[in-house]
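Q: Protein chains in written order, with numbering that gives the first Met the number 0: chain A, 0 to 203; chain B, 0 to 203; chain C, 0 to 203; chain D, 0 to 203.
Take these hints with a grain of salt, some might be off.
Where chains are identical, the list cannot tell them apart; a pair therefore holds if satisfied intra-copy or between any two copies.
Said to hold, decoys possible - Straight-line distance between alpha carbons at most 27 Å, and here's what the computed BS3-like set of lysine-lysine pairs gives:
#1 180 <-> 141
#2 180 <-> 154
#3 137 <-> 52
#4 19 <-> 94
#5 129 <-> 186
#6 28 <-> 137
#7 30 <-> 42
#8 129 <-> 180
#9 186 <-> 94
#10 180 <-> 137
#11 180 <-> 94
#12 200 <-> 24
None of these hints come from the bench; they were simulated from the model.
Protein chains: 4
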Amino acid sequence: MPRVVNKEAKKMQILQVAMKVFARKGVVKTKMIDIATEAAIGKGTIYEYFRSKEDIFISAFTYFFETMLDEINQAIHAEHDPVRQLQIITDYSLKSLIQGNEEFADIMMDFWAEGVRHKNQVVLSSMNLKGIYADYRKIVAKILKSGINQGIFKKMDINAAASVFIGTFDGIMLQWILDRKILNLQKVLSILLDTFINGIKIEK
Amino acid sequence: MPRVVNKEAKKMQILQVAMKVFARKGVVKTKMIDIATEAAIGKGTIYEYFRSKEDIFISAFTYFFETMLDEINQAIHAEHDPVRQLQIITDYSLKSLIQGNEEFADIMMDFWAEGVRHKNQVVLSSMNLKGIYADYRKIVAKILKSGINQGIFKKMDINAAASVFIGTFDGIMLQWILDRKILNLQKVLSILLDTFINGIKIEK
Amino acid sequence: MPRVVNKEAKKMQILQVAMKVFARKGVVKTKMIDIATEAAIGKGTIYEYFRSKEDIFISAFTYFFETMLDEINQAIHAEHDPVRQLQIITDYSLKSLIQGNEEFADIMMDFWAEGVRHKNQVVLSSMNLKGIYADYRKIVAKILKSGINQGIFKKMDINAAASVFIGTFDGIMLQWILDRKILNLQKVLSILLDTFINGIKIEK
Amino acid sequence: MPRVVNKEAKKMQILQVAMKVFARKGVVKTKMIDIATEAAIGKGTIYEYFRSKEDIFISAFTYFFETMLDEINQAIHAEHDPVRQLQIITDYSLKSLIQGNEEFADIMMDFWAEGVRHKNQVVLSSMNLKGIYADYRKIVAKILKSGINQGIFKKMDINAAASVFIGTFDGIMLQWILDRKILNLQKVLSILLDTFINGIKIEK
DNA sequence: TATGAATGAGCATTCATTCAT
DNA sequence: TATGAATGAATGCTCATTCAT
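Start from the sequences and build out the full structure, keeping to the hints where you can.
A: Next comes the structure, spelled out in structure tokens:
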């Protein structure tokens, strides 16, 4: 009988390593041999678990964002106040960026950039970047809708507003990554949230 | 020395062509031969004007954003009402994205992504992405400061607020590029602006 | 030691499977995993019975031609008329090609081609292609000699004539494989035989 | 101005080198770097003249057989006696095999084998092996027809007979290549021709 | 000055074979 | 004995850059 291996676990382990290397060197500059070396396995072994480099990238990408979505969903689940829910999302993102592992921001930006750069339609559709953002939008839109129903927020185009909210995050993250010193991320996000909520709340 | 003038003009002409090709194919997928063919010159000739492909990219990048900055500066120059000035910036960006040449959004996103992806510090510093965003921030910060002085806007951390304003643009642009059908850009930007201004205006 | 019998039987079974796969995909395109899968055994198990892929190929090759030789020998054994014996060989080949299993021609041609292509002298000598053709030549030469002795055939260089007879088969087979529609194999072989026998028979 | 090069001539030169290496090592074992080294050029340079290794192979294949066809056509052009024409073809082939460059037989066999082995339909159709043999058949068939019309040859299925004639060549060539010592090629071909002609000639 | 022919470093991927279990 | 997980040598091809003309 051959070595018994939990295929799924090993695949995940390689994926984790790949994500680490992606974060450190960027997706394009990462070579298969880099991942293999870092994972302390042979180059060929990777191909036992992934079809291609692209497959690794897409898997990492999907895993990364789905995990994030899950965590956010869980985080806001217990809370029912829409304002607090938006704060939780902001806080969660903030924590992920600066308190969580140092690579979070880098890999997210790289995925993002890689996604944008892909004119290759097959890859792009595999990445389902659209779908991921649509999911994020749905979460925020749901919160906004709930806020409107509760008479807390003004009537508005909730999908467009959700886009504004989410888009702002990515843009701010970029600037923070580019120049971590200049931007006090916590303060900026706090302003963002206040400004945003101020802008949509019904004034009493 | 009329040659010098021609040299400069030809360099600029190559740069324009390169930007067009970058927009169409993406920076990485663009080959030197593509630029040469499109510019109707020889492959080797490009190297008379640019040191390397990277040099072209950085030049294009710099030219692109500096031109945009200049145009925005000119556009808000005649106006003195801070709210109107912010509107002008929004309108200008909107126009650039959808009315201006179709490639604007693509090339901006690709530059952006390429910039983020460059772990190569030498290149990244050459691109001066930091500096470019700092300039944008300055413009917006100046408007905000003026608004505060005029008693229109609340007191705030104007640099952080400027980051919020600018960051939102990039993020929204991304989502629009990913899915132009779903996002009504004009409406979203209008909401962004209203929300933002609502958030910072002194309530009367 | 019943194991030994089983070993031999299993080896033969793998060989049969390998030949089937060789015929279907060609030797080079056939992967070890293909043979293992088709034989419903593990990849590693093959190496319990064969040293290498080359070993399988050579074994298959040898088995294939030796079997054919045996069958031909048996077929002509009962007959004593040289003309009839040549006809039997022709008929047997024809039957093998078109009536027997559909893969016969393909695998024979592939072996043939693979044999020619092997510049690797070690492999080539293992295949003993020379020896195999020498055996065929011997059979035909024996028939021709018998015919001469019986006063039916002219005196001739029987080895050279045997080569002509055998060589023609391979060549015609190639053309038939390349274009089965154009070539009416039965008619061509019949002409071949008539022509050949006409050419060597003593005219009365 | 760049180096001036006769592209067509250089392509042909590379092709000649490739054919030499193909003959020495076999098509599959020949690596791009082998051809480049032998041609004293860089690996990349080959790709300036050929799309791929396959392209080189097909080009070599086509060139090889077309050249041979042309030469045979020229050789029989001046002669009108069908028997003599068949002799000329035999002689030409014999000369090519043993007097001409030593590699002739090897490369022909390798092309032949490679052609047979290709289950890849695209490549196979590019090689037009069918077409090439059809051309050969046409030449021989024309001679046979002329012989029949002149009352020299019996009535027969000329296409089938042509196949017999041509096929025999390939088969005999194989055996000669496999064992040059045993087979006296000249004698065998002479026998082949006599036998064949004897078989189709009208007996007086 | 302009050119494009020439170059070779660099890389993803395949697959026969090994060997721990 | 049987297995299949692990391996890495081996190779075709791309493309930025150089340089002879």
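Q: Is it within a copy, between copies, both, or neither that the alpha carbon of residue 180 lies no farther than 27 Å from that of residue 94?
A: within (17 Å within a copy, 33 Å between copies)
Q: Tell me, please, which holds for residue 28 and residue 137 at an alpha-carbon limit of 27 Å: within, between, both or neither?
A: For residue 28 and residue 137, neither the intra-copy (34 Å) nor the inter-copy (34 Å) Cα distance is at most 27 Å.
Q: Go through the copies and call it for residue 200 and residue 24: within, between, both or neither, with a Cα cutoff of 27 Å.
A: Result: close neither inside a copy nor across copies, 43 Å intra and 43 Å inter.
Q: My question is about residue 129 and residue 180: at a cut-off of 27 Å on alpha-carbon distance, are they close within one copy, between copies, both, or neither?
A: Between copies, since 11 Å is at most 27 Å while 32 Å is not.
Q: Is the C-alpha distance from residue 19 to residue 94 at most 27 Å within one copy, between copies, in both cases, or in neither?
A: within (18 Å within a copy, 40 Å between copies)
Q: When Cα atoms must be at most 27 Å apart, do residue 180 and residue 154 count as within-copy, between-copy, both, or neither?
A: between (38 Å within a copy, 23 Å between copies)
Q: With 27 Å as the alpha-carbon cut-off, assign the pair residue 30 and residue 42 to within, between, both or neither.
A: both (10 Å within a copy, 20 Å between copies)
Q: Go through the copies and call it for residue 129 and residue 186: within, between, both or neither, with a Cα cutoff of 27 Å.
A: between (29 Å within a copy, 19 Å between copies)
Q: Since the copies are identical, ignore which copy is meant and state whether residue 180 and residue 141 lie within 27 Å (CA to CA) inside a copy, between copies, both or neither.
A: Only across copies: residue 180 and residue 141 sit 21 Å apart there, 35 Å inside one copy, limit 27 Å.
Q: If the cutoff is 27 Å on CA atoms, where do residue 186 and residue 94 land: within, between, both or neither? Let me know, please.
A: Answer is within; shortest intra-copy Cα gap is 13 Å, inter-copy 31 Å.
Q: Could you place residue 180 and residue 137 in one of the four classes (within, between, both, neither) given a Cα distance threshold of 27 Å?
A: This pair counts as between: shortest inter-copy Cα distance 16 Å, intra-copy 33 Å.
Q: When no copy is named, should residue 137 and residue 52 be tagged within, between, both, or neither for a Cα gap of at most 27 Å?
A: Neither. Shortest intra-copy (31 Å) and inter-copy (41 Å) distances fail the 27 Å Cα cut-off.
Comparing the model with each earlier hint shows violations of hints 3, 6, 12; every other hint is respected.
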